[in-house]
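Novice: Sequence:
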Amino acid sequence: MKRLLIVAHAPSPNTLRLREAAERGARHPDIEAVEVVVKPPLEAGPGDVRACDAILMGTTENLGYMSGALKDFFDRSYYPVLEEKQGLPCALYIRAGRDGTGTRRAVESIVTGLRWRWAQEPLILRGEWQEGFADQVEELGLYLAAGLDSGIL
493 MKRLLIVAHA PSPNTLRLRE AAERGARHPD IEAVEVVVKP PLEAGPGDVR
543 ACDAILMGTT ENLGYMSGAL KDFFDRSYYP VLEEKQGLPC ALYIRAGRDG
593 TGTRRAVESI VTGLRWRWAQ EPLILRGEWQ EGFADQVEEL GLYLAAGLDS
643 GIL
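My numbering numbers the first residue of the sequence shown as 493 and each following residue consecutively.
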């Protein structure tokens, strides 16, 4: 059984909908051999990363940067997993009011240092809330879980 870890900051009803959509996609009924673990960044840590086979991260854009909660997760997890989890497949979605590129660059820099590998380009959900955002994140969760289930990730 493979494990997909979803670490997503959800400070609002809409960002909670995104985290739930990621989980819904990852738990698609056709996915049989993937356990899904969902944690807020302040509750996730190095042990969760060590135990997973792929990670999906979600964050808001705050002042052109990732959420403090996701940054805290990286601060606590970076060195404890640095050598052990190189090559970990990962993906990211960003709920950005305006741009998202500063947040993307910051997370990409950390992921590069960890030597994780992108399973898909970061998904940036820009502008006013759109119902389609949840569909895109659900698809991202499904993609990662299906990749683990089929052995391509």
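FYI, nobody ran anything at the bench for these hints, they're computed from the structure. Check each hint, because a few of them may be wrong.
[To be verified] Straight-line Cα separation of at most 25 Å, DSS-like style, residue types lysine-lysine; simulated pairs:
id: 1; residue 1: Lys-563; residue 2: Lys-531
id: 2; residue 1: Lys-494; residue 2: Lys-577
id: 3; residue 1: Lys-563; residue 2: Lys-577
id: 4; residue 1: Lys-577; residue 2: Lys-531
id: 5; residue 1: Lys-531; residue 2: Lys-494
Novice: Any hints from earlier that this structure breaks? Give me their numbers in increasing order, please.
Specialist: Going through the list in order, the structure violates no hint and respects every one.
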